[in-house]
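K.L.:
Chain residues, written in single-letter form:
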Amino acid sequence: MLVYEKNAVSELVSDLTEKYGKKRSSLLPILQEIQQRYNYISDFAQQEVARMLDIHPVEVYGVISFYAFLYDKPRGRNIVRLCKTIICDLAGTKAIADAVKRELGIEFGDTTKDGRVTLEYANCIGMCDHSPAMLVNDHVFTGLDPETACKILREIK
Amino acid sequence: MNTQTELRSPMSQRPHIISKAKDRTGIGANVGIEVNGEKLSVPMGKTILEICRENNVHIPTLCYHEDLCIAGNCRMCVVEVEGMKTLQAACAFPVTGPVKIRTFSNKVRKARKHILDLLLSEHYGECYSCVRNNNCELQSLAKEYGVDGYEFGHVCESRFEIDKTSHAVVRDMDKCILCRRCVRTCIDLQEVGVLEAIYRGYDTMIGTFMDKPLADVICINCGQCINRCPTGALHANDPSDDIWKAIEDPSKHVVIQTAPSPRAAIGEEFGLPPGTSMTGQLNTAIRRMGFDRVFDTNFSADLTIMEEGTELLNRLKSAIVDKDKSVMLPQFTSCSPGWVKFIEHFYPEHLNYLSSAKSPQQMFGAVIKTFYAKEQNIDPKDIVTVAVMPCAAKKFECNRPEMNSSGYKDVDYGLTTRELAKMIRETGLVLPELPKSNFDEPFGEASGAGLIFGATGGVMEAALRTVYELVTGRQVPFKNLNIEACRGMEGIKQASVKLENCVEQFSFLEGVELKFMVAHGTANAKTVMEMLLKGELSDFHFIEIMGCPGGCIGGGGQPIPTSELIRKLRAKAIYDEEASLPVRKSHENPRIKYIYEKFLTDGPCGKLSHKLLHTHYQKRGKFIS
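Note that the protein sequences, when read in sequence, are chains A and B. Numbering (my numbering) for the first sequence: 1 to 157. Numbering (my numbering) for the second sequence: 1001 to 1625.
Please keep in mind that the hints were generated in silico from the structure rather than gathered at the bench. One or more of the hints may lead you astray.
In silico DSSO-like cross-links for lysine-lysine, where the CA-CA straight-line distance does not exceed 30 angstroms [to be verified]: (1) K1534(B) - K23(A); (2) K1374(B) - K1245(B); (3) K151(A) - K113(A); (4) K73(A) - K1436(B); (5) K6(A) - K1212(B); (6) K1526(B) - K1515(B); (7) K6(A) - K1526(B); (8) K1526(B) - K19(A); (9) K23(A) - K1212(B); (10) K6(A) - K1622(B); (11) K73(A) - K1622(B).
Have a look at the derived ranges for each label pair, beta carbon to beta carbon [unchecked claim]: (12) G1621(B) - G21(A): 24 to 32 angstroms; (13) K113(A) - K1622(B): 34 to 42 angstroms; (14) R24(A) - E1054(B): 29 to 37 angstroms; (15) R116(A) - S1625(B): 28 to 36 angstroms.
Quick caveat: nothing in here was measured; it's all calculated off a predicted structure. Don't be surprised by glycine CBs; every beta carbon is placed ideally from N, CA and C.
Model the full assembly from the supplied sequences, consistent with the hints where possible.
P.N.:
In structure tokens, the structure reads:
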């Protein structure tokens, strides 16, 4: 990481600690905002957060590795999460998964070479009554079939 | 209480005290309960586990440890409480009313056996190849509950690579049962914060920041996590194979130095009660094992006192007489390698407060490979020095690149008490039955001041005895030379002694009240450092800090288990032995006088001692790259 990038991260973290307060319970909102800004939370950012909140870096990392929606490594600009739980599975997740993999040319857990999409499985997103369901960034798409799923993916910039 | 400690929760350091009862229904008032049909009257607020332990009712535990806060995650201590739908964890259930408890009903025993079976289903490894064989809490519980098969299966493949990167601590996560004792030790007890549970669910493991190897994170190598691990997941890096090889090699002259704390504790490895001193027997055992010479680290502890005490007097002189603003007071001790690494990481801007004197282990190594080698006509390259220490961090310390002032690696191997006990067992010697023998010359005699280095406050007490006498020409004004203010297990102790009628050389100290402080465990060290940063310690002169709770007797290389009671007994053994010694002041040790006459001729803190006996520190900082 370059020095000016580090300075920018430090500044962001110190602004955020001011915004949310210097207490343990501010950790999650701070991490979420850092991720919104940088797409992931770098090891430097984690240590800055730990320093500002006066906790240990490993505690920050423990939280990040616990939550599936927090990332400690860079990922694609868009993130597609296909629901893998049983209701969606019975409604045909398998076919969608195969179609999506063919469309993007990657496996689940990987990012496309151009950095456009990261593909992942997610646990239940609460859309069982409209299964199968998929999350694209913060948007929910329900009642999918392989064709619509691929069409949605093609439209992502 | 500052904000820092408020942020930490829960605090192992904060004692669980039940306040005095306001009325008959409040916390602290007595209440009648029934345990397995037996009626007891107990104060409200005590946990079921505490009550049962006091009344000799056995409840098995795994995640519970006296030194640590309550976690309640292993569920081994579940008991049946009448009126409760589910089983309750005894360690986390405070009694608040008249309850009936059953500690071994069918339901309880079945639950405990299931818990064990589930733990064993993910516990990879065989007992007979484990360092903790016969001293493993999981193993003994499996025996206690008659586990006769793996009801829920058993892992047959290793899932983790053993982390051997650290000089001191080896992590084998295959054996981890996720009790989080190490996490609570590292975060609460020591406030170092290397270990924490990472990932989630089935993937949960105890890991470091970004799951890096232990050598790459800010571990201070204190080894307290090893002492508290119930299984063999954490253990020390064992150099005994290399040492055996050196002993067998006829061209090598193998010299061993033994620290004061292992003698007070090694008996525990051979079934003796804690606090049995084994000094003489240990010497015999070491000789029979084939070591060429056995020396007493207390000798170099005396040397440390001479150097550190002189350094303190020099600093005081510069501050008072020369009004030198760059002199750093209070002076911190530097004997504990865990503490030294702690300050290098967490307070790198304040390293000037540390005494530049090396620890006794390293001083001895340097003296052996220079003075001793010359006197005995042995080429220092053929000398192998081994140090028996109560400490895991000493393994790191002897591998520091700057520790080669003799031209060779000053101390070749750091060996812990547990590993020495293992080596003795390999020879078939029965330590308690051996005859006693003395240390070898030319370092055969040490003072009691060196001996009490092992307990928290000991360095301070030893230094005061010497400094006070050097300055005033009289003995310290305490009964039998025992400075009680330095002794005991409180986290931070402070006291002062007034310097009056000083000898001419130190007349500048006339009327000065020498203020000192003693802290043990790096959590307390952190509190002291925060006080220093706030300027509250500006009138203090000397501060002793030990990295482990209880000082060296509670070190990370000492026999397992540990508790405050065990540490107190070990300390008592040291103080009792000390009281019977003929020489109890470092500067009166004839061997110390001899070495300053023959070898370190320019005196304490002179040119040669600066080369051999003093060191410098690195600004390590907290950043993990």
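K.L.:
All hints are to be evaluated individually against the structure, with a verdict given for each.
P.N.:
Hint by hint, here is what the structure shows:
no.: 1; hint: K1534(B) - K23(A); verdict: holds (21 angstroms)
no.: 2; hint: K1374(B) - K1245(B); verdict: holds (25 angstroms)
no.: 3; hint: K151(A) - K113(A); verdict: holds (19 angstroms)
no.: 4; hint: K73(A) - K1436(B); verdict: violated (61 angstroms)
no.: 5; hint: K6(A) - K1212(B); verdict: holds (21 angstroms)
no.: 6; hint: K1526(B) - K1515(B); verdict: holds (19 angstroms)
no.: 7; hint: K6(A) - K1526(B); verdict: holds (28 angstroms)
no.: 8; hint: K1526(B) - K19(A); verdict: holds (28 angstroms)
no.: 9; hint: K23(A) - K1212(B); verdict: holds (26 angstroms)
no.: 10; hint: K6(A) - K1622(B); verdict: holds (16 angstroms)
no.: 11; hint: K73(A) - K1622(B); verdict: holds (21 angstroms)
no.: 12; hint: G1621(B) - G21(A): 24 to 32 angstroms; verdict: holds (26 angstroms)
no.: 13; hint: K113(A) - K1622(B): 34 to 42 angstroms; verdict: holds (37 angstroms)
no.: 14; hint: R24(A) - E1054(B): 29 to 37 angstroms; verdict: holds (35 angstroms)
no.: 15; hint: R116(A) - S1625(B): 28 to 36 angstroms; verdict: holds (31 angstroms)
Of the numbered hints listed earlier, the single one contradicted by the structure is hint 4.
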